[in-house]
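Asker: Here is how the chains run, residue by residue.
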Amino acid sequence: MDLKFDASLADFRTMIRDAIKQDLPREIQERTRLFGGANSSDPHDSLAWMKILSKRGWTVPHWPEIYGGKNWSPLQLFIFQEELYKAYAPDTCWGGTHMVGPIIYTFGSEAQKEQFLPAIRNGDYYWAQGFSEPGSGSDLASLRTAAVRKGDKYIVNGQKIWTSCAYMSEWGFFLVRTDPEVKPQRGISFLLINMKSPGITIRRIPQINEEAELCEVFLDDVEVPAEQLVGEEGQGWSYAKFLLDHERTTSSFIYFNKRELDRAKMIATEETLDGVPLILHPNFQGRIARLEAEISALEGSVMRLLANEEFKYNETAVASILKVSGSKLQQALTELHVDLIGPKAIRHYASESVDRDPYDPWPDHIPGRTSQALILRASTIYGGSLQVQKNIIAKLAFGL
Amino acid sequence: MDLKFDASLADFRTMIRDAIKQDLPREIQERTRLFGGANSSDPHDSLAWMKILSKRGWTVPHWPEIYGGKNWSPLQLFIFQEELYKAYAPDTCWGGTHMVGPIIYTFGSEAQKEQFLPAIRNGDYYWAQGFSEPGSGSDLASLRTAAVRKGDKYIVNGQKIWTSCAYMSEWGFFLVRTDPEVKPQRGISFLLINMKSPGITIRRIPQINEEAELCEVFLDDVEVPAEQLVGEEGQGWSYAKFLLDHERTTSSFIYFNKRELDRAKMIATEETLDGVPLILHPNFQGRIARLEAEISALEGSVMRLLANEEFKYNETAVASILKVSGSKLQQALTELHVDLIGPKAIRHYASESVDRDPYDPWPDHIPGRTSQALILRASTIYGGSLQVQKNIIAKLAFGL
Amino acid sequence: MDYNYSDLQKMLLDTAERFLRSHYTLEHRRALRKSPDGLDADAWAQFAELGWLALAIPEEQGGLDGEITDIAVLMTAFGANLVPDPIVSTAVTAPYLLSHADQPDSDLFEAIISGEARVALAHDEPGERYAYSAPRKTLLSKTGNGYTISGEKQLVIDAPSATHLIVTAQIEGSGDFALALVPATQKEVSAYSYNLIDSARASDVKFNKAEATAVLLTGPKASSVFGEAIDRTSIAYGAQAVGSMESALQICSAYIKERQQFGQPIGKFQALQHIMADMFVATHQARSALYQALAQVDAPERDRQRAVSLAKITIGEASQLVSKQGIQLHGGYGLTDEYEISHHYRRLTAIEKLYGDIDHHVRRIGAMTQTA
Amino acid sequence: MDYNYSDLQKMLLDTAERFLRSHYTLEHRRALRKSPDGLDADAWAQFAELGWLALAIPEEQGGLDGEITDIAVLMTAFGANLVPDPIVSTAVTAPYLLSHADQPDSDLFEAIISGEARVALAHDEPGERYAYSAPRKTLLSKTGNGYTISGEKQLVIDAPSATHLIVTAQIEGSGDFALALVPATQKEVSAYSYNLIDSARASDVKFNKAEATAVLLTGPKASSVFGEAIDRTSIAYGAQAVGSMESALQICSAYIKERQQFGQPIGKFQALQHIMADMFVATHQARSALYQALAQVDAPERDRQRAVSLAKITIGEASQLVSKQGIQLHGGYGLTDEYEISHHYRRLTAIEKLYGDIDHHVRRIGAMTQTA
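Protein chains in written order, with numbering that gives the first Met the number 0: chain X, 0 to 399; chain F, 0 to 399; chain P, 0 to 371; chain S, 0 to 371.
FYI, nobody ran anything at the bench for these hints, they're computed from the structure. All the given hints hold, so there is nothing to weed out.
Derived, one-sided and incomplete: chain P residues facing chain F with beta-carbon distance under 10 Å:
#	residue
1	Y2
2	T68
3	Q284
4	L289
5	A294
6	A306
7	E316
8	G365
Don't be surprised by glycine CBs; every beta carbon is placed ideally from N, CA and C.
Here chain X stands alone, though its shape is the one from the complex (with noise of 0.2 Å):
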């Protein structure tokens, strides 16, 4: 056992803060600050902060070298993306950099390699994931989106929902039915298609913070090319869990779970009761307390999984804990953030109205607090639901 954390990436974390510092342009920062959630970054921010740093090479360090990764260690990406987070930069086009992207470098044809994996490095475009459908959210089997193979084209039809920022997409990746026969699991295929292609249509779906950007995707006749076939027919549903095993510890939402207690702490330090700031009140001070020590306790959880410990339980049991925990820290700690500005909370903000309004008399830490927390209700349903992951764990570490 060798528990401490390798003094040695003092010097790397100062190397990427600093680059961080001197790279992430204002605005950006600011705006990502204010409204950018877990995983809901602007896309334009996401876009433009990639082509910035694309220039260090840094945008899939995660990435095996041949395709332009950085052969870091698991703790050093974990220390870029924990500076990332903390400097308020904004997160790269994750359907892009850690998604399709390491499907497409492990299954994909050289031609697709070529075509997109370039693009994806260079934050060319927003990626969209098409894997929802309205009948299938946490049962993802059961998808019917349909693709029939008509000489060298697929003709797709069907319905995708909770599509992130669907309508600024230029390409996406679906998961399709191109096989109705078989089991149900059997006959998923992965097709990447062109979000511009005549008979997609996209509705942007009106939110609880009321912004817009999940989206609906529509799907009438399209016509994909045969070659836009990710690897092999029928192999849909395995590459989808290949994403998973690969991104084990992600749900964590480690960075973002650090970050916001730190916000937590610093919203605590401006707002007052009776003239005293909330940190001083053992109320508020217990429910800080009790968040750091279950982030903590995550945090370890992540190094563990990350320094490949042999675990007694399955591991995919185990890696359920981490989205279990992460995301009812969100939860916990945006709500939080409300009960700390407390009356002020109500108050709706649109994430546009923070460029709009130079007037807003209101202190700075108010904007977007109330918005995250509602939307991160979400946290414990997508991405397989808390009652997902519980079933999951019942039966994978238990044999329940």
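Following the hints, position chains F, P and S against chain X.
Answerer: Chains F, P and S alone, transformed into the frame defined by chain X:
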């Protein structure tokens, strides 16, 4: 709507309070205060107290007048019970006064009424309840103890469990299966059995708090005269349900919960941290305030049921609310006691040790608290576990 | 004791349910967000017509002299239907303050009852947090033939559509606490207005020697009436919260019976059934807590405050549980503006923060406990 | 970083699991309650034999110089098997204090290692609550040729079987903080002893000019070493808690697969599956928290305290969840002395209260946050 507690009841309350103060022997009060938890008064004290109460005719005030009841209103009965609890009076023998008694006067024969009702009223002996079996905890319909009619007797074989104080009970009331052929609920009958009958063996079960008031009762060819069948054969299940309907608000343990809240405040005044009473520490104040809110709501819910509100939802589901909330409160309050006494909570006190050791230097509010908290983990288990209550609600309130 | 609705209350509730449900559809409410001041003028005229604006006003002022229980019953219907209009300020808070004024103003009552006047309460000042007994910085000054008021108020709920503001202030010179009536439409009153998360409205308001047309109450009586009004306001919002939760229960129950996943309605899953059961328990307890507070509304101050705070804690906790779990039951759809449950969550979140959040009321109870 | 056990640790754990599991059966532990001082002498001899009593002792004192991680690994096995013997006092706390003494006492180390001596820490005084930096009332006085100690200590864990006590005191005259070694078997030391809920033992101890055979440490160094020892003690108990929870998981999983209700194993019910899942998450997080604390055990004071307190909060909360829900899964049987789960609950409840409960550690973190 008339939501105010009838002011004229204040006099009634004073009358009750004064009477209890006058009647309740100090040493019984002390034992109840220290180790008499919810539903676990010392049976000797119960009977002794019933003897005293019976002089005023107050052992069964909730019974019909012709059987010795007092014709008090539901609110008067509420006040009576509340004052008993506040004064740390022991419970009456609940199995007699609130279970088998009402069953006998409602469904029993005249002979049974004559034989048993006066004895119950006077607290002549303790009653054991033989419902649960090792294989049927929350699933009463699956019970297997068999009573086979042979001439003018039933021959009973089987095993009961969780029978409070069976080892010192003179009579017991049992659910037994008289017809194994019909639907599980239909073949059950309600038998009165003398606990001294040949073939009955009793084992006291050592408990988590190192007491042993719960018992296993083994019945081995026990002969029970047929006239000890209550009501009709095969109706046992419906009588048991009648009991539930009859005592809808009991499961709230509202009197207990109110009293234990007061006790928490008392302990929080006695115990100090850095020289300051805990009641001045916001963390403990906050916990107390939240529990007080829950108890106040629960009391409202009890009143609504007592006052026969017309509910939009099924009334059995509404009654389950009292059990869910009341049982969790019992745990939360007694755990609060434990947390208030802090490190001192880890000392084991057996109930008999209180009488034995006059030299114990520890303050008087310590003994019994942890014991009570430990055993009250049972409150969400017996009488239909928390999970069973939620199943009931889902089914009866929402048809799920 | 009788927990059943009186015939009058049944009628009130039926009428309210019928009108509000048909008028305040989801689409209509979403459209109302774009109105300049958050007022649905047609609906407001109906409120007047139906007598709701007169319910809390004494008979001698032309009102219906309704009891607080009647008001609470009406408010549950408003909560159930997520009405964003400024009903509480004008029909609950203001009538109480105005009718306890040293000199009640019959004209204003008439204007309220007819739907012409709407009155908001301006109390919070910048940097404050539920400071209902702190001294005011806003100054009420005597001038030649009247009074002027100067100062800043923050988060004045329902101000954008208000014709009048009741402003808390200290009297210049004596420093006494006072409640003053200030017409909202004068150039000395300037407002910075915004939407709230539940589509209600509020403003930050500056008074620059604005005319106060009446000094309603001063000194200790002003303080105690003000405290009573705040507690009644809390009860009215609490009743709205109860109505909202009860709606949410029905919505969720219907949804999980309908929605299919893994080949069956999701309501067949025990885990979701138990979530519904938790919501049911919390909602019922919330209504019980409301009744407990209503029973004490005219009790001595300490008893009243205790009961109101206990109810606000229970209702606040229940609101969060019911609406959050309601969203969880809905999955992704729960997060959209197109499903009712997300609106209940926003409304319930806003109500929890109005006139004292859970933390505030826990403190108020805590302070009472330590002096018990 | 490497979270896997070293070969040495694997061996240590295997040996411990094998011996403890076979020796500390439920029946044996229940019987041990009746022993006069809570000591299982046979087992203790085995502990010595297996080198466990030497694990935390420096090499130069004849010990094995184990790291805190090794100790933690061993402690998980003790927790998993609910060993009530006074291992932490003698094999974790005392060695740390004694080895940091100004003049380490080789004879005492030898006696500890051989199993002859057992040392308990006497710190708490009546009326105190986790007061680890409060001034002591217990007085250490210089006499002709040595020191005497006078005062009262409460809840001295593991005292009944201890041969020596390490007593915190203030030095008469200077008022400095000091740690003194006091032989337990002298008539000037009188103990009132009792069982704890987890079958461990403790005493209230009175010192009436009792002889102190050594003054281990004084002044600021005594305070800082004492603080370090307390934190290490907390970690050792925390590791026991983790082991206990991990045992509880296995016990519960097996139970709900076996137990039938409503015609099927109760483990088929989704509600119970989700409870198991919650327990799994909490247990895993507790071990992670333990590792986080272990990583900081030699860090500067503030970092160490922070990490230990965070771990104690997480482990404490997890302990309660796991053991309470474990009982719930067992139904009535969970409340009997005859099922392991009730013993885990008692042990975990006791550990939460030892050397700072959750509330204490929340306060400690809170105080750090406000001065960050």
